[in-house]
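Novice: Here my numbering = 1-based position in the sequence shown + 724.
Read the hints as simulated data drawn from the structure, not as lab findings. Glycine included, C-beta positions come from ideal geometry on N, C-alpha and C. A hint or two may mislead.
[Unchecked claim] Simulated pairs of lysine-lysine, DSBU-like, Cα-Cα distance not exceeding 35 Å: (1) K797 with K761; (2) K789 with K764; (3) K794 with K764; (4) K764 with K750; (5) K797 with K739; (6) K794 with K752; (7) K752 with K764; (8) K750 with K795; (9) K789 with K752; (10) K764 with K776.
[What the hints assert, rightly or not] Here are the in silico distance ranges between beta carbons for each label pair: (11) T754 with V792: 33 to 39 Å; (12) V746 with L799: 17 to 23 Å; (13) L796 with S767: 21 to 27 Å; (14) L800 with E756: 16 to 22 Å; (15) K795 with M732: 19 to 25 Å; (16) D768 with R737: 25 to 31 Å; (17) F806 with E777: 26 to 32 Å; (18) G759 with L796: 18 to 24 Å.
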Amino acid sequence: MLESGQPMHVFDRDKINGNIEVRFAKPKETIEILGEKELKLTSDCLVIADEKEPIAFAGISGGLKHSVSKKLKTLLLSLPFFHPLS
């Protein structure tokens with residue numbers, strides 16, 4: 725984060741369904757972020773999602789459901805860079 729000014733997240737790849745995409749949240753989507761706080765997303769919220777649901781609120785926090793645990797076998801490290809608006 726010090727180099728890019730953007731947060732990084734670590735996910736348990738085995739908890740992720742299929743491919744990953746960056747998209748805007750769909751109507752009525754929610755995500756429980758780290759710290760066990762549930763967020764109601766709006767259509768202007770950028771998310772990182774698998775084929776089923778958001779796995780992170782892009783640039784803000786990773787999702788709790790896809791976070792690592794002691795049972796981790798496959799790690800996915802996310803180091804996104806979102807270009808700031810000029």
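Novice: Does each hint hold? Answer for all of them.
Specialist: Taking the hints in turn, this is what the structure says about them:
| no. | hint | in the structure |
| --- | --- | --- |
| 1 | K797 with K761 | 26 Å, holds |
| 2 | K789 with K764 | 15 Å, holds |
| 3 | K794 with K764 | 28 Å, holds |
| 4 | K764 with K750 | 11 Å, holds |
| 5 | K797 with K739 | 10 Å, holds |
| 6 | K794 with K752 | 32 Å, holds |
| 7 | K752 with K764 | 7 Å, holds |
| 8 | K750 with K795 | 31 Å, holds |
| 9 | K789 with K752 | 18 Å, holds |
| 10 | K764 with K776 | 16 Å, holds |
| 11 | T754 with V792: 33 to 39 Å | 21 Å, violated |
| 12 | V746 with L799: 17 to 23 Å | 20 Å, holds |
| 13 | L796 with S767: 21 to 27 Å | 33 Å, violated |
| 14 | L800 with E756: 16 to 22 Å | 18 Å, holds |
| 15 | K795 with M732: 19 to 25 Å | 21 Å, holds |
| 16 | D768 with R737: 25 to 31 Å | 28 Å, holds |
| 17 | F806 with E777: 26 to 32 Å | 21 Å, violated |
| 18 | G759 with L796: 18 to 24 Å | 19 Å, holds |
Comparing the model with each earlier hint shows violations of hints 11, 13, 17; every other hint is respected.
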